Every structure is written in C-alpha cells, then in structure tokens.
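Participant: Going down the list, the protein sequences come from chains A and B. Residue 303 in numbering that gives the first Met the number 0 sits at position 304 of the first sequence, with consecutive numbering throughout. Residue 34 in numbering that gives the first Met the number 0 sits at position 35 of the second sequence, with consecutive numbering throughout.
Wrong hints could be hidden among the right ones.
Unchecked claim - Result set (SDA-like, lysine to any residue): computed pairs, CA atoms no more than 20 angstroms apart in a straight line:
hint, chain 1, residue 1, chain 2, residue 2
1, A, Lys287, B, Ala30
2, A, Lys51, A, Ala276
3, A, Lys287, B, Trp24
4, A, Lys287, A, Met134
5, A, Lys287, B, Ile21
6, A, Lys287, A, Val272
7, A, Lys51, A, Lys287
8, A, Lys287, B, Ala44
9, A, Lys287, B, Gly50
10, A, Lys287, A, Ser131
11, A, Lys287, B, Arg26
12, A, Lys287, B, Gln152
13, A, Lys287, A, Thr204
14, A, Lys287, B, Leu109
15, A, Lys55, A, Pro222
Stated by the list, open to error - A short, non-exhaustive set of chain A residues, derived as facing chain B with CB atoms under 8 angstroms:
hint, residue
16, Leu109
17, Leu175
18, Ser176
19, Pro177
20, Leu181
21, Glu213
22, Thr283
23, Ala286
24, Leu290
25, Pro294
26, Ala298
27, Val299
28, Val302
29, Leu305
None of these hints come from the bench; they were simulated from the model. In this text the structure is predicted, and so the values were computed from the model without any measurement. Just so it is clear, CB atoms sit at the ideal spot from N, CA and C, and this is done for glycine as well.
One-letter residues, chain by chain:
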Amino acid sequence: MFDMAGIVVEVAQALLALALAPALVGFIRWMKARLQNRRGAPIWQPYAELRKLFRKDMVVSRHASWIFRVAPYVILGSTIVVSLLVPVLVTPLPFNAVADLFAVVYLLLLGTVFLALAGLDPGSAFGGMGSSREMTVAAISEPAIALAILSLALAAGSTNLGEIAARTIARPSSALSPGHILAFVALFIVMLAETGRLPVDNPATHLELTMIHEAMILEYSGPYLAMVEWASWLKLFVFLTLAGNLFVPWGLATSLTPAALAIAFAATVAKLVVLAAAVAVLETRVAKLRLFRVPELLAVSFVLGLLAVASSFSLR
Amino acid sequence: MEGLFSQVAALGSSGVLLCGLILLWRRGVGAYITAFTWQSAVLAALTAAVGYFGADRQLYVVAVLLFLIKAVAIPRLLRRVAQRFTAGREPAAYVNTGTSLVVSGLLVLLAYAAARPLEAISDMPTRAGMPLAMGLLFVSLFVIISRRMAITQVIGFLMLENAIALLAVLATYGVPLIVEVGVFLDVLMGFLVMQIFLYDIHDTFSTTDVDVLKRLKH
C-alpha cells in the first residue's frame with residue numbers, strides 16, 4: 000500500500016481539499032445570499048479575497064512576539080495535516096496508520112490553541128476576549144467530537160478513520176443505527192461551534208461584540224490573515240468531509256483506478272454540496288445564540304455523543 | 000428483512016427519544032408542544048412500521064388513532080391552554096439546562112443498564128429500542144419533577160405516556176387493540192381533567208408556576 004501512486008493520490012487529495020475549501024465557503028455564502036433574497040457574490044469570491052490579501056502589505060503590532068508570527072503557519076499547517084488524514088477520496092491511504100481519531104481531534108485542537116494564543120499575543124482587549132471565548136467553546140466541543148467519532152469507532156472496532164469508513168461501506172445497514180444518527184447530529188452541532196458558524200459565532204461580520212473567531216484574528220492583516228482565513232475554511236471543509244465520508248461513506252474509492260477516483264470525487268462534491276446547503280439553510284433560519292447558551296448547545300451535543308456511544312456499545 | 004426491521008425500530012426509538020430531549024434544551028411552551036407533536040408523529044410512524052414488519056394489521060389502526068389523538072388533537076388543545084395563560088416564556092426550571100441535559104444523559108445510560116436483562120431475554124428484532132424507550136420514561140419523569148410550570152409538567156406526563164406506548168410496541172408488538180383504545184381514552188380523559196385543573200389553578204392563583212402553590216388560598 001505504501002507505493003508511489005498511493006502517496007501521490009494522498010498529496011493530491013490534500014491539495015484538492017486546500018483548493019476546494021474557498022469554493023465551499025463561497026458556495027455557502029452564495030446559497031445564504033440567495034435564501035435571503037440577495038444576489039450574492041459569485042462562488043469564487045473567496046479566491047479573489049485570498050489573492051487580494053496575499054498581495055497586501057502586513058501591519059504587525061510592535062508588541063507582538065514570535066507567537067503571533069508563527070501562529071498562521073501552525074494553524075494552516077496543522078489543518079493541512081488533518082486534511083491528509085481524513086478520507087476525502089480514497090479510504091485506505093498510505094498515511095492511514097496515523098489517521099487516528101484522536102490524532103485528528105487533537106491536531107485540530109492544536110490549531111485552535113495557537114489561534115487563541117495569537118489572539119492574546121498583541122495584547123489587544125478584543126483579541127483576548129475572543130481567545131477566552133474560543134477556549135470556553137473548545138473545552139466543551141473537543142470531548143463532544145471525540146465522543147461522536149468514538150461511537151463510530153466502537154461500532155467499527157477501530158479508531159482508525161479509514162477503517163471506520165471501510166467498515167460502514169462493508170455493512171451498509173449500520174449507517175441507520177441509532178448510534179450513527181445520534182453521533183451525526185452531535186458532530187454536526189460541534190462542527191457549527193468549531194468552525195464558527197451561526198448559532199455559535201457569526202462568520203459574516205467583524206462588528207459584533209460577541210464574535211469569537213473574528214475577534215481573535217482582528218490583529219492579522221495581509222498574507223497572515225489570508226493564511227488564517229484559508230485554514231478556517233479548510234477546517235470547515237475537513238469537518239464536512241468527516242461528516243459526509245464517515246457517516247455516509249458510499250462513493251469513496253477503495254482502489255486507485257481512475258474511474259473509482261472520478262466517482263469518489265463526484266460523490267464527495269455531492270455530499271459537500273448537500274451538507275453546505277444544510278449549513279446555509281440553518282444559518283438563515285436560526286439567530287445567533289447568547290454566549291451563555293452556547294455551553295448548553297454543546298452540552299446537547301455532548302449528551303447526544305454519550306448516548307451514541309452507549310447505544311453503539313450495547314449493540315456491539 | 001430482520002436486520003432492516005431492527006434498524007428501523009432502533010432508528011424510530013432514537014427519534015422519539017431525541018424529541019424528548021428537545022424539551023430539556025428549548026425554552027418556551029410552544030417549542031415543547033412542537034416537540035411533543037413530532038414525538039407522537041414519529042411514534043405513530045414507528046407503530047405502523049412495526050405493524051408492517053410484524054404483519055399485524057391492528058397496529059395500523061393503533062398508529063392512525065395515535066396520530067389523530069396525540070399528534071393532532073392533544074397538541075391543539077395544549078396550544079389553546081398555552082395561549083390562554085402563558086406569557087411566552089417559562090420561568091427557569093429547578094435544574095439548569097446544562098445540568099439537566101447531563102442528568103438526562105446519565106438517566107439514559109441507567110436505562111441501558113436497567114434494560115439489559117430485558118434485552119437478554121427478548122429475541123425480538125425490536126429489542127435494540129427498548130433501552131431508549133426506558134430512557135425516555137426516565138427523562139420524562141425528570142421533566143415532570145424538574146419543571147415549574149404546571150403545563151410543562153402536563154407535557155412531561157404526556158411524554159411519559161408516549162414512552163410507555165413505545166415500550167409496549169417494542170416489547171410485545173403492541174397490546175390488544177381494545178386495551179390500546181382504553182389507554183387512549185384514559186390519556187385523553189386524563190389530559191382533559193388536567194386541563195380543567197390548570198384552568199382552576201390559573202383562576203385561583205393567576206399563575207401556573209407550581210412554586211407559588213405552596214400555601215393554601217381560601
């Protein structure tokens with residue numbers, strides 16, 4: 000399995016994730032705009048934003064330390080590593096040996112921690128507020144993700160992501176089990192919290208006092224901002240892929256033939272479109288929660304994850 | 000076929016349980032009534048599915064009755080009651096949302112433990128849903144004791160009844176039709192009596208917050 004072709008596909012799939020992430024965000028924005036009766040920016044608008052930001056100069060606060068400069072690389076890097084581990088197109092991959100549930104969860108957390116540190120570093124009050132909120136959210140959402148995926152792992156008998164997807168393909172009926180459904184709902188809620196989507200954080204504005212993600216990156220500009228933004232889009236992409244390919248893994252290629260890869264590509268894009276549309280509809284329907292109610296929402300997700308684990312455990 | 004049946008049963012029961020958990024998270028009597036309506040509809044669908052897979056015609060009748068009474072009639076009555084005397088929002092429960100969610104999670108785990116022997120002796124394809132039904136039973140009891148408004152407690156009671164119906168359908172493919180009809184009548188009558196009580200409580204104390212009902216008036 001550790002042949003050249005596998006590694007090429009692996010890297011290609013990570014690059015594909017990196018390339019498609021802005022389009023995914025653009026699609027969600029466009030869909031939201033249509034639902035709200037606006038014309039909306041075209042889907043490729045985020046690419047234009049990235050290009051603009053990469054060309055701009057940077058302004059870095061005099062009080063910022065090396066953490067502020069390192070953080071964008073760590074955030075983008077850790078997210079890219081995660082996208083190497085998640086089954087985007089093919090399921091048994093060369094890096095599968097390390098594509099562990101816990102590795103993925105904590106690599107994502109690494110990016111979150113550095114983002115929070117970067118928010119604190121320049122010493123602006125607003126960034127600090129964002130960081131403290133982000134840590135509050137992360138502290139509750141991280142175990143909820145782990146629980147949600149753990150229930151799948153229990154059903155599959157392995158914490159390996161590729162293995163989980165492969166087992167579900169082999170036993171289609173398990174996708175309808177209560178553990179699966181509860182875990183999917185749990186993961187979806189956590190996904191909204193982790194990627195700063197609407198009931199938890201508002202991705203569309205810089206000007207709300209209760210914002211989380213935008214508050215932390217307020218001090219960033221130019222290429223650094225582009226990297227941080229791109230990383231957060233990639234994170235959304237990774238989460239939606241996880242939700243799509245772990246819970247509904249059909250269409251994933253199990254071999255490296257071009258036909259299988261083409262089908263896998265089409266299937267992944269279709270799943271992403273469906274999930275992105277769900278996010279857009281949800282964001283149009285719900286209002287942002289009060290910050291104090293966010294832990295309650297995450298508690299819902301945690302309890303659902305717990306129930307999912309309990310039912311997977313009893314059904315084993 | 001067997002496999003599909005047990006999947007559908009487990010799926011339906013988790014849907015019913017999920018609707019029960021919404022009660023703990025949402026606020027406002029309107030949202031509770033919506034959750035109850037959905038729960039009853041899912042329960043009716045599940046009953047019909049059990050009737051289909053178990054080849055039991057009577058269950059179709061039960062499903063239709065269940066839908067008409069619990070997903071149409073009672074929610075309508077509940078909404079009328081709610082409109083009459085709730086000023087929108089419910090006062091906070093005795094237990095805050097986060098804690099009550101965790102408590103209900105633990106209750107469902109307890110139900111899994113409690114239903115173990117039940118699952119062990121049963122060889123029905125529906126047995127996977129039994130712990131969930133029992134969990135809903137515990138959760139609705141918890142709703143009844145932890146909420147302050149009489150109307151929410153009534154909804155908790157109705158959910159408890161749903162849980163028992165669910166357990167009956169899963170454990171025995173439903174009790175005989177005549178018993179089922181009797182139960183429906185009981186639920187409806189019970190609900191009407193409670194409604195009269197609610198009106199009375201509201202007329203006497205001008206609130207349905209049970210915290211205020213500690214002393215006797217008159």
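Participant: Each of the hints needs a verdict: does it hold here or not?
Facilitator: Verification of the supplied hints:
no.	hint	verdict
1	Lys287(A) - Ala30(B)	holds (17 angstroms)
2	Lys51(A) - Ala276(A)	violated (27 angstroms)
3	Lys287(A) - Trp24(B)	holds (15 angstroms)
4	Lys287(A) - Met134(A)	holds (18 angstroms)
5	Lys287(A) - Ile21(B)	holds (18 angstroms)
6	Lys287(A) - Val272(A)	violated (23 angstroms)
7	Lys51(A) - Lys287(A)	violated (30 angstroms)
8	Lys287(A) - Ala44(B)	violated (33 angstroms)
9	Lys287(A) - Gly50(B)	violated (42 angstroms)
10	Lys287(A) - Ser131(A)	holds (18 angstroms)
11	Lys287(A) - Arg26(B)	holds (15 angstroms)
12	Lys287(A) - Gln152(B)	violated (29 angstroms)
13	Lys287(A) - Thr204(A)	holds (12 angstroms)
14	Lys287(A) - Leu109(B)	violated (34 angstroms)
15	Lys55(A) - Pro222(A)	holds (7 angstroms)
16	Leu109	violated (27 angstroms)
17	Leu175	holds (4 angstroms)
18	Ser176	holds (6 angstroms)
19	Pro177	holds (4 angstroms)
20	Leu181	holds (6 angstroms)
21	Glu213	violated (26 angstroms)
22	Thr283	violated (19 angstroms)
23	Ala286	violated (14 angstroms)
24	Leu290	violated (14 angstroms)
25	Pro294	holds (6 angstroms)
26	Ala298	holds (5 angstroms)
27	Val299	holds (5 angstroms)
28	Val302	holds (4 angstroms)
29	Leu305	holds (5 angstroms)
Violated hints, in rising order: 2, 6, 7, 8, 9, 12, 14, 16, 21, 22, 23, 24; the structure is consistent with all others.
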